[in-house]
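Peer 1: Top line first, the protein sequences correspond to chains Z and L.
Note that our numbering has the first sequence beginning at 1, numbered continuously upward.
Note that our numbering has the second sequence beginning at 1, numbered continuously upward.
By construction, these hints were calculated from the structure, which means they are not laboratory data.
Every residue gets a Cβ at the ideal spot worked out from N, C-alpha and C, and that includes glycine.
Hints are supplied without guarantee of correctness; some may be wrong.
Unchecked claim - Under the rule of at most 30 angstroms between Cα atoms (straight-line distance), these lysine-lysine pairs were calculated in the DSBU-like manner:
| hint | chain 1 | residue 1 | chain 2 | residue 2 |
| --- | --- | --- | --- | --- |
| 1 | L | K132 | Z | K98 |
| 2 | L | K99 | Z | K132 |
| 3 | Z | K93 | L | K99 |
| 4 | L | K293 | Z | K93 |
Said to hold, decoys possible - Okay, the calculated bits of chain L under chain Z, using three or more residues with CB under 8 angstroms as the criterion:
| hint | stretch |
| --- | --- |
| 5 | 13-25 |
| 6 | 149-160 |
| 7 | 175-187 |
| 8 | 240-251 |
| 9 | 257-271 |
Claimed, not checked - Derived Cβ-Cβ restraints for the label pairs, each shown as a range:
| hint | chain 1 | residue 1 | chain 2 | residue 2 | range |
| --- | --- | --- | --- | --- | --- |
| 10 | L | E44 | Z | E85 | 52 to 60 angstroms |
| 11 | L | D38 | Z | N181 | 46 to 54 angstroms |
| 12 | L | N284 | Z | N17 | 35 to 43 angstroms |
Protein chains: 2
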Amino acid sequence: MNNQKEYVLGVDIGGTNTVFGLVNRNGHVKEEITITTDAQKGAEQLFSRITDRIHSVLNNGITTSSIKAVGMGAPNANYFKNTIENAPNLGWKFVDVKKIFGQYLAKPLFITNDANASALGEMHFGAAKGMKNVIVITLGTGLGSGIIVDGDLVYGHDGFAGELGHVCVIPNGRQCKCGLNGCLETYVSASGLKRTVHELLAKNIGESILRHNSIEDLEAVHIAEAAEKGDAIAQEAFEFTGKMLGISLASFIAFSRPQAIILFGGLARAGQLLFEPTIRHMNNHVLPLFRDKIDVIPSGLHNGNSAVLGAAALAWHGLERS
Amino acid sequence: MNNQKEYVLGVDIGGTNTVFGLVNRNGHVKEEITITTDAQKGAEQLFSRITDRIHSVLNNGITTSSIKAVGMGAPNANYFKNTIENAPNLGWKFVDVKKIFGQYLAKPLFITNDANASALGEMHFGAAKGMKNVIVITLGTGLGSGIIVDGDLVYGHDGFAGELGHVCVIPNGRQCKCGLNGCLETYVSASGLKRTVHELLAKNIGESILRHNSIEDLEAVHIAEAAEKGDAIAQEAFEFTGKMLGISLASFIAFSRPQAIILFGGLARAGQLLFEPTIRHMNNHVLPLFRDKIDVIPSGLHNGNSAVLGAAALAWHGLERS
Numbered sequence: 001m002n003n004q005k006e007y008v009l010g011v012d013i014g015g016t017n018t019v020f021g022l023v024n025r026n027g028h029v030k031e032e033i034t035i036t037t038d039a040q041k042g043a044e045q046l047f048s049r050i051t052d053r054i055h056s057v058l059n060n061g062i063t064t065s066s067i068k069a070v071g072m073g074a075p076n077a078n079y080f081k082n083t084i085e086n087a088p089n090l091g092w093k094f095v096d097v098k099k100i101f102g103q104y105l106a107k108p109l110f111i112t113n114d115a116n117a118s119a120l121g122e123m124h125f126g127a128a129k130g131m132k133n134v135i136v137i138t139l140g141t142g143l144g145s146g147i148i149v150d151g152d153l154v155y156g157h158d159g160f161a162g163e164l165g166h167v168c169v170i171p172n173g174r175q176c177k178c179g180l181n182g183c184l185e186t187y188v189s190a191s192g193l194k195r196t197v198h199e200l201l202a203k204n205i206g207e208s209i210l211r212h213n214s215i216e217d218l219e220a221v222h223i224a225e226a227a228e229k230g231d232a233i234a235q236e237a238f239e240f241t242g243k244m245l246g247i248s249l250a251s252f253i254a255f256s257r258p259q260a261i262i263l264f265g266g267l268a269r270a271g272q273l274l275f276e277p278t279i280r281h282m283n284n285h286v287l288p289l290f291r292d293k294i295d296v297i298p299s300g301l302h303n304g305n306s307a308v309l310g311a312a313a314l315a316w317h318g319l320e321r322s
Numbered sequence: 001m002n003n004q005k006e007y008v009l010g011v012d013i014g015g016t017n018t019v020f021g022l023v024n025r026n027g028h029v030k031e032e033i034t035i036t037t038d039a040q041k042g043a044e045q046l047f048s049r050i051t052d053r054i055h056s057v058l059n060n061g062i063t064t065s066s067i068k069a070v071g072m073g074a075p076n077a078n079y080f081k082n083t084i085e086n087a088p089n090l091g092w093k094f095v096d097v098k099k100i101f102g103q104y105l106a107k108p109l110f111i112t113n114d115a116n117a118s119a120l121g122e123m124h125f126g127a128a129k130g131m132k133n134v135i136v137i138t139l140g141t142g143l144g145s146g147i148i149v150d151g152d153l154v155y156g157h158d159g160f161a162g163e164l165g166h167v168c169v170i171p172n173g174r175q176c177k178c179g180l181n182g183c184l185e186t187y188v189s190a191s192g193l194k195r196t197v198h199e200l201l202a203k204n205i206g207e208s209i210l211r212h213n214s215i216e217d218l219e220a221v222h223i224a225e226a227a228e229k230g231d232a233i234a235q236e237a238f239e240f241t242g243k244m245l246g247i248s249l250a251s252f253i254a255f256s257r258p259q260a261i262i263l264f265g266g267l268a269r270a271g272q273l274l275f276e277p278t279i280r281h282m283n284n285h286v287l288p289l290f291r292d293k294i295d296v297i298p299s300g301l302h303n304g305n306s307a308v309l310g311a312a313a314l315a316w317h318g319l320e321r322s
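Extracted from the complex, chain Z is given alone in its bound form:
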């Protein structure tokens, strides 16, 4: 039986904002609070502000002892070591999260990166409920991923497995900020889609609504709107994005044969514009043994709580496994 009076604290640390809240075993979010991260003031100051706010919302219904664990999603967070190391968006070189956070709230603590937390969020509360083998792809400015095999996240030897944004899809292809070329995220992400549009605008001479945007001003949502209005360049850009993603998903299926693949994040909201070509190319490029057997589905955490639910799922998952 789930005890609905038991909660975990889910914390999602982003470059700009940090969101956190108390979440029970059924995924009910009791409190959700957003504060600025102010990363330059350091991790300890942030952790102090988070726990101050949490203590201030505790009342007769929920006490400190109602909080069973803390789950945290953060860039470059290491599940094995409970550290955040060399996180470029935060400017933090090394943070011993367990030690520092524990000074403010002494509970079992589990941390991982945000894409891994999202994958557990989908498995516990979202579109992957009841599944034991699933891949979650997060499509934002970049491409993140969380891979679940046999009911647990794939962390690999050092805790940093599941970096599917950096598999090579086109040898010697587009330059990636990771230092490599041809990475999946240079094609399949909001920024990849923009690069594709500008490549197509350079290659073709046809009219397009999108000719009037600089690469800086162009947003994925504009491209989706243009495609919906029948703009050929925008439509071709989604076709190409879906092809790159579909071919890659086919390879991921050969690797871990998930029951389903879940697309999460801003770009996934483009709906059929992205899903239709992705699924078509995936099935054209997957081993016949797997053809038409793997579902590609949108996130089941599309409300605003998804980041907190992911972090909370990590905590509940950790408690169950420990």
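We have chain Z already, so just place chain L on it with the hints.
Peer 2: Using the frame of chain Z, we list chain L on its own:
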């Protein structure tokens, strides 16, 4: 404590021959017997011959009760269902292995494909001893793989995960017998190497020892010998093969971040001809986070017992997990 008087029966079913033997927990092979598979006579006849031979070698030292389990590596074997289904090399449509084999030897039975069995063989008795995250690539006529994550094989949703021979390395590339194009095994395997040589012979006009072989007569070992003698075409073929493999390994690392990758099988015996370009291209194409951190090593099961040791490891592994 390992009881050295306890054994498992390891069975490797191949298209031509079937090899089996009794193996104790330390990987000591007590008996190893090779018989013809004669697949056209059916699975039951084969299983009967295997168990007859095993019963005939039991003596005062080893009795039926010394045999704790059976592990079997076979094409298209399904770990979850204990079946062999649609195995092209055997011509078997559907074999309920647990049921039929159990009539002859009633012991716990574990089956999987030969590449998965090899991976467990490496983990229990070979080059991956003590490792919990490892990828084993078998390089024969084709390319097989067994992926170990957190100490266990990745079977996926239906038992058929780990088909890395069929990830796409060159979209619209070489035709593969699976029906797809550009699969890794069309480039990286004994047959892929031969195709590369003939492509290079067609492209270049330089002299080469290999011009005198038809694609049918050419063997990987001839190409390796030619490369050792300084034949430029043969050397370029290994360079290209290593590049395709290295780029692919870089993607596999992004997926599951193994501690090591093990190359097993005939082509892996080409040694530095294959390993040097593979490792170089892998490190040039892997996320900087993982660069120079993943070992690529040859199989530790290079004696003749490797197939039986793999199947036996599956049985010991299964007993420990159950």
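Peer 1: Does each hint hold? Answer for all of them.
Peer 2: Results of checking the hints against the structure:
no., hint, in the structure
1, L:K132 x Z:K98, "25 angstroms, holds"
2, L:K99 x Z:K132, "27 angstroms, holds"
3, Z:K93 x L:K99, "58 angstroms, violated"
4, L:K293 x Z:K93, "20 angstroms, holds"
5, 13-25, "violated (count 0)"
6, 149-160, "holds (count 9)"
7, 175-187, "holds (count 3)"
8, 240-251, "holds (count 3)"
9, 257-271, "holds (count 3)"
10, L:E44 x Z:E85: 52 to 60 angstroms, "58 angstroms, holds"
11, L:D38 x Z:N181: 46 to 54 angstroms, "52 angstroms, holds"
12, L:N284 x Z:N17: 35 to 43 angstroms, "37 angstroms, holds"
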